[in-house]
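There are 2 protein chains.
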Amino acid sequence: MYYIGIDLGGTNIAVGIVTAEGKIVKKMSVPTGAQRPFEEIFQDMAHCIRTLLTETGIPEGEIRSIGIGTPGCLNTKEGILIFAGNFKYGKLVNYRQLMKNHFDIPVYIGNDANVAALAETKVGAARGAESAVMVTLGTGVGGGIVLDGKIYEGHLSAAGELGHLVLVHDGVPCTCGRKGCWEAYASVTALVRQTKEAMLANPDSIMNQTPLDKVNGRTSFDAAKKGDAAALSVVQKYREYLADGLASIVNVLNTEVIIIGGGICKEGDYLLGPVNEMLQKRVFGAGLLPERKMVVAQLGNDAGLVGAALLHA
Amino acid sequence: MYYIGIDLGGTNIAVGIVTAEGKIVKKMSVPTGAQRPFEEIFQDMAHCIRTLLTETGIPEGEIRSIGIGTPGCLNTKEGILIFAGNFKYGKLVNYRQLMKNHFDIPVYIGNDANVAALAETKVGAARGAESAVMVTLGTGVGGGIVLDGKIYEGHLSAAGELGHLVLVHDGVPCTCGRKGCWEAYASVTALVRQTKEAMLANPDSIMNQTPLDKVNGRTSFDAAKKGDAAALSVVQKYREYLADGLASIVNVLNTEVIIIGGGICKEGDYLLGPVNEMLQKRVFGAGLLPERKMVVAQLGNDAGLVGAALLHA
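Those protein sequences? They're chains A and B, same order as listed.
This note's numbering numbers the first residue of the first sequence as 53 and each following residue consecutively.
This note's numbering numbers the first residue of the second sequence as 53 and each following residue consecutively.
Any given hint could be a false lead.
Given that identical chains are not distinguished, each listed pair holds provided it fits within a single copy or across any two copies.
[Unchecked claim] Cross-link-like lysine-lysine pairs, in silico, BS3-like; alpha carbons within 27 Å at most:
#: 1; residue 1: K289; residue 2: K78
#: 2; residue 1: K333; residue 2: K266
#: 3; residue 1: K202; residue 2: K345
#: 4; residue 1: K202; residue 2: K129
#: 5; residue 1: K75; residue 2: K143
#: 6; residue 1: K289; residue 2: K345
#: 7; residue 1: K248; residue 2: K78
#: 8; residue 1: K277; residue 2: K78
#: 9; residue 1: K129; residue 2: K231
#: 10; residue 1: K345; residue 2: K129
#: 11; residue 1: K231; residue 2: K278
#: 12; residue 1: K266; residue 2: K202
#: 13; residue 1: K231; residue 2: K345
#: 14; residue 1: K248; residue 2: K345
#: 15; residue 1: K202; residue 2: K140
#: 16; residue 1: K278; residue 2: K79
#: 17; residue 1: K129; residue 2: K248
#: 18; residue 1: K266; residue 2: K78
#: 19; residue 1: K152; residue 2: K266
#: 20; residue 1: K231; residue 2: K289
#: 21; residue 1: K152; residue 2: K333
#: 22; residue 1: K140; residue 2: K79
#: 23; residue 1: K143; residue 2: K333
It is worth saying that the hints were derived from the structure and are not from the lab.
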């Protein structure tokens, strides 16, 4: 038996045939065209599925479910997208019905951050754990919670918005409308802002070899590794922001594992070693309870696709 | 069938016989004597149980379980207290065995804040809800999480430490060792500190009619209601601290109901009306999702005892 996993992003749609163990048999990707009506987007998805079935020789009858991971707020029970800023027509869209128009196969949907967390917990970095939270550092700070091997969605499928934990009361404005969210300090977007501020405040810093409009998440890290003091202090502060938010998450949810995802994890131990040390000191009961386990995500871009395929379980 | 509920506090032990519906048949209370060895404390508990059985005429055979709510960090599966600052001998104490020495009845234990949340969710302010968090404003900020009708404890039974969500990165030191926890801003202890600071900074405020060492959680509220500007600003800031932490909790857990407990809830709508308004505006998806439901705890001091009795379920 096989499962279809679809990672419906704002830019690309990735579609794959996945085994029960979360192995990708074959996958393909097409542009989303997020400005188009959903009927067209789903037509493309259906076409991808048929292409993959033909190319692998797997008969449609062996596909047990179709899972769709998508940004936005969902009613997963009914298979409906409630709203998403990423799509032009992103309000009250019946994903399940749209897919049912093409295939008579059970359809499941899940928030993209949640399905990634599910994939990493079931078959990725936290394999074997009963519970995990996944924090993805990118444009924003994404969050997903898996308890007892299942996505924890909360009452209105709106739980797990870990980026919108407060970090600084009355702090920097967040895209969500309130001030001081963790995302406004610990996202890569925030790191870029912090880097630019430090560059302007420290004209002698070697970070200024990079033009302001070319600054990215690596700029401060690269300079810090060369011993640049201003860059070091950006990196150290960023680590503290990360650790402080993670400590809050541990204090509330206390999952078996914390998974950190996003491109910035490539900084590896240079970023996460000190973060882990700070975390262990800041959690409630520090020193009295065993250390909290923190791991780096393993599935990369496939997490969404694989997690969507695992939604049936 | 009946259930024994025990609320083992640092000062008093309350013991009660409770029905399956959470009604107290009869209860009594004795001083804890927290400096004594646990054998003596459990002897007193057993004595209370026997007294209540005799007085009610309920035979021991009709008691289905004994539940103990206690401060501290627990291994609830094994029935063991891992540590608690409140008791002189509060480390690695086998509560279950200590009670089994007196009664051959199943024994369950739970953290005091958690069992209170369970009681309010099952038979109190959030009756009928599938999920709830309870936040108790007192010396600290206590927290309990109930999901699918059960206490959510997390991996090391250390979840639900809602008071130790960060509110202000690098802020006021908290008793837990880190800086800026919500408890350090939203507890009554914090409110008293904020009140004193405002009194010193505003010598003309009528709050100064109260001597500094007599200031309590009501001082600023009483003066604010009389129109005192300095007091009003203490109250308003306190409401904001409360709302901001609650918004974080909603963004992570998104339970059906939020229960607020503690003596300060007697301020009623004057405190909680504005807090609720702020909360609805600060949660993620504000305006796009239905309002979050916030209620005041109903069971008062009985919540611990009743919740402990409900631990069997």
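Legend entry - Structure-inconsistent hints, enumerated in ascending order: Hints 1, 2, 5, 7, 8, 9, 11, 12, 14, 15, 16, 17, 18, 19 and 21 are the ones this structure does not satisfy, whereas the remaining hints hold.
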